[in-house]
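A.B. asks: For the record, in the sequence shown the residue sitting at position 252 is 252 according to full-length UniProt numbering, with numbers rising by one throughout.
No wet-lab data here; the hints were simulated from the structure. None of the hints are false.
Below, a list of computed lysine-lysine pairs in the DSBU-like style, where the Cα atoms sit at most 35 Å apart:
hint, residue 1, residue 2
1, K183, K61
2, K409, K134
3, K134, K120
4, K24, K306
5, K409, K183
6, K134, K375
7, K183, K120
8, K193, K183
9, K61, K220
10, K230, K193
11, K367, K409
12, K375, K409
13, K220, K230
14, K306, K409
Simulated restraints on C-beta separations:
hint, residue 1, residue 2, range
15, R17, A298, 21 to 29 Å
16, R17, T261, 18 to 26 Å
17, D278, P304, 19 to 27 Å
18, H382, Q170, 52 to 60 Å
From a predicted model like this one, the values you see are computed outputs, not experimental measurements. Beta carbons: idealized from backbone N, C-alpha and C, even for Gly.
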Amino acid sequence: MSMRVLGMILAGGQGSRLFPLTAKRAKPSVPFGARYRIIDFVLNNFLNSGIYGIYVLTQFKAQSLTEHVQRHWRFGGFLEDAFILLVPAQMYRYEELGPVWYRGTADAIYQNLHLINNHKPENVAIFGGDHIFKMNIAHMLDYHNDHRADLTIAAYPVPIEQASRFGVLQVDDQWRMVGFQEKPKNPTPIPGKPDLALVSMGNYIFRTEPLVEKLEHDAKDPNSSHDFGKDVIPRALSEGYRIQVYDFKRNPIPGQQGPNTYWRDVGTVDAYFEASMDLIQVTPEFDLYNPEWPLRAANFNSPPAKFVHEAGARTGQAFNSLIAGGCIISGGTIRESVIFRRNRINSYALVERSILFDEVEVGRYAKLRNTIVDKNVSIPPHTEIGYDLEADRARGFTVTAEGIVVVPKSYRF
Numbered sequence: 001m002s003m004r005v006l007g008m009i010l011a012g013g014q015g016s017r018l019f020p021l022t023a024k025r026a027k028p029s030v031p032f033g034a035r036y037r038i039i040d041f042v043l044n045n046f047l048n049s050g051i052y053g054i055y056v057l058t059q060f061k062a063q064s065l066t067e068h069v070q071r072h073w074r075f076g077g078f079l080e081d082a083f084i085l086l087v088p089a090q091m092y093r094y095e096e097l098g099p100v101w102y103r104g105t106a107d108a109i110y111q112n113l114h115l116i117n118n119h120k121p122e123n124v125a126i127f128g129g130d131h132i133f134k135m136n137i138a139h140m141l142d143y144h145n146d147h148r149a150d151l152t153i154a155a156y157p158v159p160i161e162q163a164s165r166f167g168v169l170q171v172d173d174q175w176r177m178v179g180f181q182e183k184p185k186n187p188t189p190i191p192g193k194p195d196l197a198l199v200s201m202g203n204y205i206f207r208t209e210p211l212v213e214k215l216e217h218d219a220k221d222p223n224s225s226h227d228f229g230k231d232v233i234p235r236a237l238s239e240g241y242r243i244q245v246y247d248f249k250r251n252p253i254p255g256q257q258g259p260n261t262y263w264r265d266v267g268t269v270d271a272y273f274e275a276s277m278d279l280i281q282v283t284p285e286f287d288l289y290n291p292e293w294p295l296r297a298a299n300f301n302s303p304p305a306k307f308v309h310e311a312g313a314r315t316g317q318a319f320n321s322l323i324a325g326g327c328i329i330s331g332g333t334i335r336e337s338v339i340f341r342r343n344r345i346n347s348y349a350l351v352e353r354s355i356l357f358d359e360v361e362v363g364r365y366a367k368l369r370n371t372i373v374d375k376n377v378s379i380p381p382h383t384e385i386g387y388d389l390e391a392d393r394a395r396g397f398t399v400t401a402e403g404i405v406v407v408p409k410s411y412r413f
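Construct the entire structure; sequences and hints are all you get.
C.D. replies: This is the structure:
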């Protein structure tokens with residue numbers, strides 16, 4: 001029996017620009033928003049859109065991601081087309097290609113065409129696993145089918161100075177793609193909007209037959225880099241395939257007021273930090289609390305967060321922050337921060353505009369500002385981080401262009 005749509009998530013990205021948060025994990029496995037991993041958002045998008053057959057393709061530093069998906073994203077075994085399964089790079093086409101891992105985004109799908117053939121879907125939804133966004137994929141699928149497209153690409157307008165990081169699209173008045181530039185130095189602006197460019201979100205819906213056709217052709221091309229943006233899409237456009245562009249702003253999210261405009265590529269530490277700070281606004285553009293679009297996450301059965309002591313400067317308190325379960329705010333102060341599970345903030349400590357991953361302890365009188373602390377770190381009493389960037393660099397911490405300090409996982413003072 002064939003299915004209407006098969007989901008495939010590209011989660012093998014190395015995430016080198018997000019180092020050191022990706023020193024020991026793949027980018028989709030990086031924690032985000034006090035209780036999630038980055039990949040959780042695309043998985044929720046698929047499930048909330050009624051797409052239950054999903055493969056997650058992994059490659060670099062996949063152990064953390066593998067454990068997360070296997071432990072916390074399980075379906076029962078009764079429905080054949082309801083599954084979330086990990087697909088590691090495994091040289092499945094060794095006899096044809098030799099000893100190569102995934103050579104690009106298109107090759108990752110090509111090396112797993114047998115999975116598509118097993119299910120015989122009408123369409124294949126290929127999405128990245130490393131962006132923060134909500135998307136009703138069912139609405140994009142309806143648009144794709146209504147236009148009888150071979151390929152539909154989700155698109156988003158960005159400032160022209162940022163567009164060189166993406167594939168830039170040009171469309172006609174029916175939103176059919178008529179031009180494509182992959183990461184151009186001089187991107188073409190949207191007509192009438194010289195300060196904006198329309199870019200690919202890296203999320204595609206293919207009709208299965210043309211997808212298989214283009215991937216088989218691309219695999220035989222010795223000059224190809226086997227990438228959707230660099231190779232497959234430009235060639236499909238030049239050969240007259242019907243490629244529609246889907247306007248992400250038209251995407252309706254149940255329970256959400258106004259247009260759906262939040263999409264963040266958290267590809268750098270500064271971008272990751274900025275997206276995290278978006279969550280603590282009084283009325284955040286990216287709402288974690290919409291019951292009509294639930295955002296599932298790992299359930300660790302942590303106890304409630306606890307705030308203790310109320311004696312002047314020794315008061316356990318938090319303002320404009322996200323605090324996960326299992327935390328103890330023991331006489332310290334938190335402001336505009338994102339605090340993951342099982343953290344302890346001791347008396348007179350101050351944490352401002354910072355992100356603390358799981359199991360971080362902040363000692364008495366310590367002060368953190370504009371700092372990301374990875375897992376399993378104990379910060380000694382009276383330590384200051386984020387106040388003297390040269391001193392932070394001397395400790396071996398990463399300091400970004402925007403002055404964000406990163407304390408690596410399991411750092412010992």
